[in-house]
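Q: Sequence:
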Amino acid sequence: NRQPLSPKLEDEIASRLREWIQRVDGVIIADQVPERNCGTISERVRALLGELAQDSPRTVVAVDSRVRIGEFHNAIVKPNAGEAVSAVYPDRVEGPPDRATVEASGRELYHRNGRPVFLTIGSEGILVFDREGMKHVPAIRVAGPIDIVGAGDSTMSGIVSALCCGADHSEAALIGNLVASITIQQIGTTGTATRAQVLDRYREALT
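Heads up: the sequence shown begins at 9 in the numbering used here, then just goes up one per residue.
One thing to keep in mind: the hints can contain errors.
[Claimed, not checked] Listed below are the simulated SDA-like cross-link pairs for lysine to any residue, each with C-alpha atoms no more than 20 angstroms apart in a straight line:
#: 1; residue 1: K143; residue 2: G160
#: 2; residue 1: K16; residue 2: T48
#: 3; residue 1: K16; residue 2: A55
#: 4; residue 1: K143; residue 2: D106
#: 5; residue 1: K143; residue 2: T109
#: 6; residue 1: K16; residue 2: R44
#: 7; residue 1: K16; residue 2: G47
#: 8; residue 1: K143; residue 2: G174
#: 9; residue 1: K143; residue 2: A112
#: 10; residue 1: K143; residue 2: E132
#: 11; residue 1: K143; residue 2: G130
#: 12; residue 1: K143; residue 2: G122
#: 13; residue 1: K143; residue 2: D176
#: 14; residue 1: K143; residue 2: N88
#: 15; residue 1: K16; residue 2: R54
#: 16; residue 1: K16; residue 2: S50
#: 17; residue 1: K16; residue 2: C46
#: 18; residue 1: K16; residue 2: R26
#: 19; residue 1: K16; residue 2: E27
#: 20; residue 1: K16; residue 2: R52
#: 21; residue 1: K16; residue 2: L56
#: 22; residue 1: K143; residue 2: E116
#: 23; residue 1: K143; residue 2: H119
#: 24; residue 1: K143; residue 2: R123
#: 25; residue 1: K143; residue 2: A108
#: 26; residue 1: K16; residue 2: E51
#: 27; residue 1: K143; residue 2: R115
#: 28; residue 1: K143; residue 2: A175
#: 29; residue 1: K143; residue 2: N121
#: 30; residue 1: K143; residue 2: Y118
#: 31; residue 1: K143; residue 2: P105
#: 32; residue 1: K143; residue 2: R107
#: 33; residue 1: K16; residue 2: N45
[Unchecked claim] Here are the simulated distance ranges between beta carbons:
#: 34; residue 1: G130; residue 2: G196; range: 19 to 29 angstroms
#: 35; residue 1: R66; residue 2: R100; range: 34 to 44 angstroms
#: 36; residue 1: E79; residue 2: G141; range: 20 to 30 angstroms
#: 37; residue 1: A38; residue 2: G122; range: 15 to 25 angstroms
#: 38; residue 1: R74; residue 2: L17; range: 18 to 28 angstroms
Treat the hints as calculated values from the structure; they're not laboratory data.
All figures in this text were calculated on a predicted structure; none of them were measured in a lab.
A virtual CB, placed ideally from N, CA and C, is assigned to each residue, including glycine.
Just need the whole structure built from these sequences, with the hints factored in.
A: Next up, the structure:
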């Protein structure tokens with residue numbers, strides 16, 4: 009939706025968020041509309057999500073945002089390398105960022121937000137930033153053709169599902185990588201990953 013979110017709809021969204029935040033294990037915010045205040049995540053809704061995340065520490069609140077990942081607060085964020093660097097260095101106009109710049113961006117996002125950062129780096133996996141520092145959780149290598157459309161969404165689903173079940177941050181990143189390794193092999197369709205498939209892929213990765 010490329011139209012500004014109306015105050016009436018903002019009120020409805022806010023009401024439902026307040027009602028449900030204490031009744032669910034996790035909330036995923038997918039902010040994919042680049043135009044400001046369009047789609048579902050307006051500035052007002054974003055501010056409310058930050059307040060609710062702060063007041064609901066037992067609920068996993070995680071954000072994926074195409075152009076505004078640096079504007080969310082009190083929530084886990086899952087940027088890719090380009091999104092993280094753009095949030096921290098908005099005036100940067102060079103080519104693809106080097107690894108040092110990506111890592112510095114992840115550290116800065118964690119410093120600003122105080123919540124874990126799961127920074128995806130494509131075929132290299134995920135960099136996790138938390139109170140223990142930075143950890144690299146490698147991707148799961150797969151053979152044959154792949155379709156990466158939706159890989160970020162499936163990674164997020166794996167991460168949040170794992171966190172809701174009590175996984176630590178590195179374990180959650182591993183689950184995200186496992187799920188993505190399955191969905192990218194499903195060509196031309198929205199991929200899914202069952203628990204059995206995730207377990208099988210984990211066993212394969214151990215061998």
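Q: Does each hint hold? Answer for all of them.
A: Against the structure, the hints come out as follows:
1. For the hint pairing K143 with G160, the CA-to-CA distance comes to about 19 angstroms; that is within 20 angstroms, so the pair holds.
2. The suggested pairing of K16 with T48 holds, with an alpha-carbon distance near 12 angstroms, which does not exceed 20 angstroms.
3. Under the criterion of a C-alpha separation no larger than 20 angstroms, the hint pairing K16 with A55 is consistent with the structure, at around 17 angstroms.
4. A threshold of 20 angstroms between alpha carbons decides the hint, and for K143 with D106 the separation of about 17 angstroms falls inside it, so the pair holds.
5. Pair hint K143 plus T109 holds up; C-alpha atoms about 16 angstroms apart against a cutoff of 20 angstroms.
6. About 17 angstroms separates the Cα atoms of K16 and R44, which keeps this hinted pair within 20 angstroms; it holds.
7. With a C-alpha separation of about 14 angstroms, the suggested pair K16 and G47 falls inside the 20 angstroms cut-off, and the hint holds.
8. A distance of roughly 18 angstroms separates the Cα atoms of K143 and G174; the hinted pair therefore holds under the 20 angstroms criterion.
9. Between the alpha carbons of K143 and A112 the distance comes to roughly 13 angstroms, so the proposed pair stays at or under 20 angstroms and holds.
10. Between K143 and E132, the direct Cα distance comes to roughly 12 angstroms. Compliance with the 20 angstroms bound is thereby established for this hinted pair.
11. Between K143 and G130 the alpha-carbon distance is near 15 angstroms, which keeps this suggested pair within the 20 angstroms criterion.
12. Annotation: proposed proximity of K143 to G122 holds, straight-line Cα distance about 16 angstroms (limit 20 angstroms).
13. Annotation: proposed proximity of K143 to D176 holds, straight-line Cα distance about 12 angstroms (limit 20 angstroms).
14. The suggested pairing of K143 with N88 holds, with an alpha-carbon distance near 15 angstroms, which does not exceed 20 angstroms.
15. Between K16 and R54 the alpha-carbon distance is near 16 angstroms, which keeps this suggested pair within the 20 angstroms criterion.
16. Under the criterion of a C-alpha separation no larger than 20 angstroms, the hint pairing K16 with S50 is consistent with the structure, at around 12 angstroms.
17. Of the supplied pair hints, the one linking K16 and C46 holds, its CA atoms being roughly 14 angstroms apart against a limit of 20 angstroms.
18. At most 20 angstroms may separate the alpha-carbon atoms for a hinted pair to count; K16 and R26 meet this at roughly 16 angstroms.
19. Distance check on the hinted pair: K16 and E27 sit about 17 angstroms apart at the alpha-carbon level, within 20 angstroms; holds.
20. A hinted pair counts as satisfied when its Cα atoms are at most 20 angstroms apart, and K16 with R52 qualifies at roughly 12 angstroms.
21. This hinted pair checks out: K16 and L56 have alpha carbons roughly 15 angstroms apart, not beyond 20 angstroms.
22. Between the alpha carbons of K143 and E116 the distance comes to roughly 15 angstroms, so the proposed pair stays at or under 20 angstroms and holds.
23. Of the supplied pair hints, the one linking K143 and H119 holds, its CA atoms being roughly 15 angstroms apart against a limit of 20 angstroms.
24. Of the pairs offered as hints, the one joining K143 and R123 holds, with about 15 angstroms between alpha carbons and a cut-off of 20 angstroms not exceeded.
25. Distance hint between K143 and A108 is fulfilled; the C-alpha atoms sit about 14 angstroms from each other, no more than 20 angstroms.
26. Among the hinted pairs, K16 with E51 is consistent with the structure: their alpha-carbon atoms are about 14 angstroms apart, no more than 20 angstroms.
27. Using a Cα cut-off of 20 angstroms, the hinted pair K143 and R115 holds, with the two alpha carbons roughly 11 angstroms apart.
28. In summary, the hint linking K143 to A175 is supported, as the alpha carbons are separated by about 15 angstroms, within the 20 angstroms threshold.
29. A hinted pair counts as satisfied when its Cα atoms are at most 20 angstroms apart, and K143 with N121 qualifies at roughly 18 angstroms.
30. The suggested pairing of K143 with Y118 holds, with an alpha-carbon distance near 13 angstroms, which does not exceed 20 angstroms.
31. A threshold of 20 angstroms between alpha carbons decides the hint, and for K143 with P105 the separation of about 19 angstroms falls inside it, so the pair holds.
32. For the given pair, K143 sits about 14 angstroms from R107 by alpha-carbon distance, which is consistent with the 20 angstroms threshold.
33. The suggested pairing of K16 with N45 holds, with an alpha-carbon distance near 14 angstroms, which does not exceed 20 angstroms.
34. Between G130 and G196, the C-beta spacing of about 20 angstroms keeps the proposed range 19 to 29 angstroms intact.
35. Under the hint 34 to 44 angstroms, the C-beta atoms of R66 and R100, about 37 angstroms apart, fit the expected range.
36. Roughly 25 angstroms separates the CB atoms of E79 and G141, a value that falls within the hinted 20 to 30 angstroms.
37. At roughly 22 angstroms, the beta carbons of A38 and G122 sit within the given window of 15 to 25 angstroms.
38. Distance hint check for R74 and L17: the Cβ-Cβ separation is about 21 angstroms, which falls inside the suggested range of 18 to 28 angstroms.
Violated hints are absent here; each numbered hint is respected by the structure.
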